[in-house]
Amino acid sequence: MSPSRGSAAPRRPPESSRLGTEIRLAVEQVSYAYASNPSHAPLFTLEATSFQARPGEIVAILGPNASGKSTLLQLIAGVLPPLSGRVLLNGSVIHSLSPRTRAQRIAMVQQESRLLFPARVWEFVLQGRHAHGGSLRFESRDDMLIAQNALIQVGAGELRDRWMDQLSGGEKQRVVLARALAQRPLLLLLDEPTLHLDIAAQVGLLDALRRLSAHNHYTVIVVTHELNLAAEYADQILLMHGGRCLRVGPPAAIYRRELLEQVFQVPLKVEMRGHGRPRVTILADS
Amino acid sequence: MRPLTFRKLVFECFFLLVILFFVVVVALKFGAVPVSLYALGRDLLRVLLGQSSQISSDYGLIIQNIRMPRIILGIIVGASLSVAGTSFQALLRNPLADPYVLGVSSGAALGAILSLIAEPHVALPPAFGALLTPLSAFLGATVTISAVYFLGRRKGQIESNTLLLGGVITASFLSAVIVFLMSTVNSSNTRGMVFWLMGNLSTSFQKSIYWVLAGGFFIAAGVIYATANDLNILLAGEKEAMHLGVDVRRVRFVVYIAASLLTGLAVSVSGAVGYVGLFVPHVMRLMFGSDHRTLLPTSALGGAIAVVVADTLARIVVAPNELPVGAVTAVVGAPLFIYLLRRRFA
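Quick mapping for you: the protein sequence lines, in order, are chains F and D. Start counting the first sequence at 2; every next residue gets the next number (our numbering). Start counting the second sequence at 38; every next residue gets the next number (our numbering).
Okay, chain D solo, but in the shape it has when bound (with noise of 0.2 Å):
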């Protein structure tokens, strides 16, 4: 009998933080292009001391303007898909729930394609055009999870499993319409459609994006961690967590706002990336147990450790070409939950 105290978590996430470093760390290292541990270390200690110009142009241009960015957007992914799967699981009290299956991913997929669709046909100023692709994928993340939500509530309530099979038609809906564009549209970004279908995070923004989406991520996940308590007992059942105390419907809609930003800023730049929302939460439970005062945090870190992972591994793996980093998280993912499903109940 041994509560959740405060320096069990700072410990937990600080191991966390340790391996998300070293990862990050291998992330800069691997690539088309090799770059020594011993310059990236120098190159580290340089910026540190503040004596950037000293690093070496094509270094510099490769590790400060193509992988760190990626790696930070990969970071910035993981953990908010992360968060609101574990939001959406322990709202919807369905251990299944995340951005992918309830079809807020497909919906942003479909957003970005149309807008690659409609791009060759309208003028736009460059600046805007840039952030065309991402509004659209937000816009249509937004659009799908209203629509998610209203299909799932009945009599002025939301019911988990109506919600959820909503999420699922939709999300197969939306995969059909997907498909028929690709398949009648005449468009020469037939690559570029299947990169967010799958998700990819090769796309590079200017630096207000990054912190845009830091700001977003810290300002939803808090909203989200404030709840925590109330969303352990929410798992116990929506009676008994009236009758505990915690206010159900403030509750409910504040963490399915929360989550689905999260989601919605985490597709506009990546696309559909599946899988991470559903097995990070998994794997993290099975580590440290199902308390969300761990959860959550633990579930952000794990989720970009998860993710520049399998980004890197899109990157290398076929250099010089790439692959979509949904389809190493899906590769990876799946057998992972599958073994580790098989080994809880064994």
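Bound-form chain F, shown alone (with noise of 0.2 Å):
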């Protein structure tokens, strides 16, 4: 981690001038079953689930387990179609579009796969110029510049010529992260890319993703389970529950704890702190 990160409260423009006006996406009563056999019952189904989100927004899925969380990020991706409703984005229908262009405009970071055969980590950011050249094209001066400017967005400047296999969790998160930059997408969606970091490393991707966010007015979502980090973070949550989107709002307005025990099934206490953020404690059963 760069010592840049230890900064405790990240700074936060006023909301007004942080947010753009214009609905940048919408989710308008997308729902989705998913079925083994098509003449089978469905074994999962995502009830319809609408929101909205402005440029520079976060808004963070929250839920158990099973609850519809990255089928509902697949499903604004545009790689499932959805079963009814429609996913726009600057007006038009996500899964409509071709795949490239799509990824002009979504970046996606989750959990990755592993690598077939070695890379350098501005290789692996290169990937992100993809959609924007031919399939057969050379990179050209400006894709050298776009990723080697990800790179150093995310903090990761010092990376660039190291093996992909090499880094070390957070650092490769980082790359990952580089990587859907370097796509320059207007939606920003991330499945729980927290997971196996330590606490540091958490921090310092979310307080990114705010400072990233902000500046070039990306909406991004982001799927987790890490109730206070989403609390701190977040504009908007979105609570999920067996399928169904249960309450979307602004975490004030989500973190209830009768809400929360029925949904997450643990025993929890909330408190309002003083920037109006709410703290979640888990109750060990006593």
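Errors might be hidden in some of the hints.
[To be verified] Non-contacting residues of chain F with respect to chain D, defined by C-beta distances greater than 12 Å in every case (computed): (1) Met109; (2) Gly171; (3) Pro186; (4) Arg258; (5) Val271.
[Stated by the list, open to error] The following label-pair restraints were derived from C-beta to C-beta distances: (6) F/Ile200 with D/Phe210: 49 to 59 Å; (7) D/Ala251 with F/Arg138: 26 to 36 Å; (8) F/Asn217 with D/Arg44: 27 to 37 Å; (9) F/Trp164 with D/Val47: 43 to 53 Å; (10) D/Thr199 with F/Phe45: 17 to 27 Å.
I should point out that these hints are in silico values taken from the structure, not numbers from a laboratory. Glycine included, every Cβ here is placed at the ideal spot set by N, Cα and C.
Using the hints, build the complex out of the two chains.
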């Protein structure tokens, strides 16, 4: 971790100036059903879900395992076709865009699969430029600059020439984020980005996200299990349970003891802190 | 941080082309009948000057009608198998994939051997009779590839591991059938069958066949090369590739068909030459990196070099007899592959 990450409270511009006014992402009554066989009853369903997000906004999707968080993220990413409803990004239906156009507007950070052959960090980040060039194209100077900048933005500039398989978990996650930034997206999707990271790396990553969404007006959607980090960094919380979206709203409105206890099935305590963001304490059975 | 440039690509290909040229010259020189380098150079010059008629007849016969066609066949077979191997490795995200492992070569060998068994019993016009074996081999390869493709499909999607295992099982099943046929069917042509099983380049074909092979190679390899950047991304994983803007379904379908066609073309004229599609891409990856924009053309050239060298060895090691070229590629290829593998991880 670089020392600059250590600064305690992330500096935030006032809410009104930070968030854009227009709606960038509109999820409209989106539902999905998954069955192993079309003639069988579905194994999993996502009931109609709606929410909206503005430029610069961070939305956290919370919920226990198998509550439909990742499915919802895949639907927003456009790689799954919704059963009904639609997802609009700046007015166009995401699922009907070509994979290339989609990748120019939406970037996804997820748990990485193993690399088959070794690659340098800069080569890996350049993959983010794929959707912006033809299939047979050679990388331009612009691509190199964008990749380089993306690495610097996540504080990983010095990792440029390292091998991907020699990075620590936190370094690797930042490089993966840099690849997503190199796509120059409007919408940044993250699937449990803090999994396997130590606490400093988790905070570092979320600080970086906060900074980036403010400066570049990315709309960020993040699926996470970290209740307190979500409360600290998200502008909006989507609470999922059993394939249903229970509530959408700012953390202070969602973090109610009864609601969270019902969803997560653990006794817990919710305190409201000075800056209007709640904190959750899990109470061990006694 | 130095990205791939067109100049670098051309330079690397030129380097391999020079090696291929020397290999071809050596392959022309060596054989059961020795030919001096001087005579070779003189004849080459005469061909270039359009004075082919001045070439002395016995040398000319050996060079033009025996060795050169065989070398050209070796170049096409080697290039096709290597490009197919590279493509299958990227497509299935598995460094062990190659036409031989996927059972395609065994399918072709079975087709060829069936035709050798049937040949004496059916009366065919001689023009078609000469093509019977390669056509049967091509048919065998096509049927096997389709069978393995359907074995590897689950819920309408290709599953790499299932496909690879399906290929391995198919290959061992087909080998068993071949051994069964060879030990039960009373045929005068057992030696011919062994050659198909191990791969050989000694069959000579009409000129038009070479044009068909070369044309097929350039079309299929060109189609694969057009997806070079997509294949690079596919190596990072299918889900990631989707999010990075690769039309995974289309790329997989197109490359699978093209790589299968390359394999079918190669095995229909040479039988099951193993290891080329496996080790050439790996050697090229270690030399030039795993970027498919470089890897595909360098693998094609490297494969051509490897097969021409192997075939030359096959011709001269036990001269005036011959080894099947597949035996040479296996004997040389397997230890080389192990060495490279160990050095990589040392």
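Checked hints:
1. Met109: It is violated; methionine 109 of chain F is separated from chain D by about 4 Å at its closest Cβ, not greater than 12 Å.
2. Gly171: With a cut-off of 12 Å, glycine 171 of chain F remains clear of chain D, as the shortest Cβ separation is near 19 Å.
3. Pro186: At about 10 Å from chain D, proline 186 of chain F fails to clear the 12 Å cut-off, so the statement is violated.
4. Arg258: holds (37 Å)
5. Val271: holds (35 Å)
6. F/Ile200 with D/Phe210: 49 to 59 Å: Holds, since isoleucine 200 of chain F and phenylalanine 210 of chain D (Cβ atoms, about 54 Å apart) stay within the stated range.
7. D/Ala251 with F/Arg138: 26 to 36 Å: holds (27 Å)
8. F/Asn217 with D/Arg44: 27 to 37 Å: holds (35 Å)
9. F/Trp164 with D/Val47: 43 to 53 Å: violated (27 Å)
10. D/Thr199 with F/Phe45: 17 to 27 Å: holds (23 Å)
Comparing the model with each earlier hint shows violations of hints 1, 3, 9; every other hint is respected.
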